[in-house]
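Build the full structure now, drawing on both the sequences and the hints.
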Amino acid sequence: MSHPPVTAQTACRYRALSAGLLSILLTGCSQTPISFLDPQGPVATAQRHQFGLIIALTSIVVLPVLILTPWIVIRYRYGAQSAYRPRWGFSKLADIAIWGIPFLVVVVLATVAWRSTLALDPYRPIQGDQKTEPLRVQVVGFDWKWLFIYPDQGIATVNELVVPAHRPLALELTSASVMQGFFIPALGSQIDVMNRMVTQLHLEADHIGEFPGKNMQYNGKGFSHQRFVTRVVDEQTFHNFVAHTGDDGMTLDARMFDRLMAQNTGRTLAQSLARADVGSNNDGDGKGRDDDAGRLRFGHLPDDLFSDIVDHVSPDWSSISTESAGVASDVSGSREARP
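Under my numbering, the first residue of the sequence shown is numbered 223, with each subsequent residue one higher.
Don't read these hints as lab results, they were simulated from the structure. Bear in mind the structure is a predicted one, so any value in this text is a computation, not a measurement.
Mimicking EDC-like on lysine to aspartate or glutamate, the simulated pairs with C-alpha atoms at most 20 Å apart in a straight line are:
(1) K436 to D414
(2) K436 to E394
(3) K436 to D260
If you want it as structure tokens, here you go:
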């Protein structure tokens with residue numbers, strides 16, 4: 223029996239379907255960890271363990287349904303040779319299995335969820351080395367960029383969070399605009415960020431590398447570009463970063479703050495200042511990158527900037543030294559050095 227010839231239209235449909243399936247598979251490819259399923263810290267590791275345990279428990283109920291449903295349909299279909307029991311009405315064993323097993327699974331799931339919720343409370347500090355103080359970072363969400371303030375180091379960055387490995391991280395977060403969602407998938411625990419409120423998040427990174435972060439809450443046309451990079455480095459590199467930023471960073475003065483408050487992406491802001499690390503890496507390793515996140519560094523900023531943003535009061539710009547402001551406010555200068 224001959225088959226009808228395949229038309230050009232049918233061939234195009236097959237190719238389109240194949241390309242679509244291939245593109246779905248390729249979405250899982252990445253050079254950097256982008257999910258808690260590839261954890262880079264203790265919080266994400268605990269979340270992956272919890273996720274696997276929940277999948278295993280729910281499979282106790284789901285798998286029998288998926289397996290037995292087609293088996294029953296085939297075995298007891300019309301015309302099959304299986305036993306026919308028109309007067310069958312009740313089975314105590316089946317009733318216990320149908321109601322008892324799911325009930326036990328729900329009880330176990332509730333217990334696991336309750337204990338995990340307490341253990342993974344974002345406000346709960348991570349128990350690290352007693353000799354290591356947590357690194358404090360204050361995070362402000364703007365439209366559409368992130369400001370990271372290091373209060374103990376006196377520096378700040380835009381769309382770049384630099385932290386040392388194996389050191390607990392204590393984040394205080396707020397929004398200078400609408401509600402936003404702060405999330406570093408490889409480190410775990412997404413948390414909402416709201417105007418006039420301060421939320422807390424405790425994380426830690428176990429591996430050196432670069433991990434993407436993003437806003438998970440839609441907040442306008444620039445939402446998809448509100449991304450940042452988390453650079454996990456060793457302790458010495460972190461000290462170099464603090465020193466370079468303090469010496470060569472720009473000044474976060476009133477004019478710069480107005481630029482941050484304006485609705486623009488970090489990349490747009492960085493390009494307008496001609497001071498951004500956009501699409502290139504100056505770490506000296508010769509590797510280029512384009513991460514869609516314009517990054518800026520500030521070595522001089524007013525005192526208590528984070529608290530002023532939360533309280534909606536004007537920062538004390540006079541706390542910035544005149545000498546540093548005169549040097550670092552010149553946005554036409556050369557690009558900052560990177561450790």
